[in-house]
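Participant: Sequence:
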Amino acid sequence: MSDSFMVAARIPMARKGFEQWLDTPVPDVAEAIENPEQMYTGWFWDGKSPEGDWHLERADKTVRTLFAEQVDEGRGAVILRHRDDALEAYLFHWGFDRWSVHMALLALAAAGPHSAHDANDHALFWAETSGSLCPPEWNGRLACLAINRTGARFTGRLDLTGVIAALRPAEAAFFSLIERLHAEEQTQGPHLSPRDPEFVDPAVLNRP
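In UniProt numbering, the protein residues as written are 1 to 208.
Heads up, a few of these hints could be off.
Said to hold, decoys possible - Label pairs and their computed distance ranges (CB to CB): (1) Arg195 to Thr150: 33 to 43 Å; (2) Asn148 to Gln186: 23 to 33 Å; (3) Trp99 to Thr24: 10 to 20 Å; (4) Asn148 to Pro190: 35 to 45 Å; (5) Ala165 to Gly140: 32 to 42 Å; (6) Gly151 to Leu192: 22 to 32 Å; (7) Leu158 to Pro190: 40 to 50 Å; (8) Ser49 to Asp3: 35 to 45 Å.
It should be emphasised that the hints constitute simulated quantities derived from the structure, not laboratory data.
Yeah, the Cβ is synthetic: ideal placement off N, Cα and C, and Gly gets one too.
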């Protein structure tokens, strides 16, 4: 199994909705996801129970503080921005950091009420060494969370062609960030890239 665990989503929403979402408290799973026990059903980890993984200490975190701390502390890599009238998230975690992965999914579930349309959007969770999305037909994905204005629920296998296509710009930004981080490490310079507006919207880091 890979050491690179990824969560990604693209949810159309207005700029105002994006900023309102940032100030939303990260919800408890009972408030946010209809069927958390079915997280892995139909995917690579089918049969694995995630029940204990949802017992999370949220410590009154908002979406903004959750992701700002991840950027500040350098845990993994964060693409989180408002681009082309949509929230784009592409989140890299070293190893299966259950708390960070599940908190990210809860935060994305909380974006549903701010969506610009009534249809489902989808947050993907997968493990892949390169961090890439892989083709839509790839069998290695771990979970898919369907998100809409009224709630969120895990869904089994479905055609992800459109979902993957919509996430390609965020994937490209992720690889650009990784390349720049590598260059900064080679020169032993300051790691400025994680806070670049190309990758993380300035509003995410603008904590009270």
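Participant: Each hint: holds or not?
Facilitator: Hints, one by one, checked against the model:
The supplied range of 33 to 43 Å is met by Arg195 and Thr150, whose beta-carbon atoms lie about 35 Å from each other. The beta-carbon spacing between Asn148 and Gln186, approximately 44 Å, falls outside the hinted interval of 23 to 33 Å. The given range of 10 to 20 Å is respected by Trp99 and Thr24, whose C-beta atoms sit roughly 18 Å from each other. A C-beta distance of roughly 41 Å is found between Asn148 and Pro190, which places it inside the suggested range of 35 to 45 Å.
At roughly 18 Å, the beta-carbon separation of Ala165 and Gly140 lies outside the given 32 to 42 Å, and the hint is violated. In this structure the hint that Gly151 and Leu192 lie 22 to 32 Å apart at CB is violated, the actual value being about 39 Å. The supplied range of 40 to 50 Å is met by Leu158 and Pro190, whose beta-carbon atoms lie about 43 Å from each other. In this structure, Ser49 and Asp3 break the distance hint of 35 to 45 Å, their C-beta atoms being roughly 22 Å apart.
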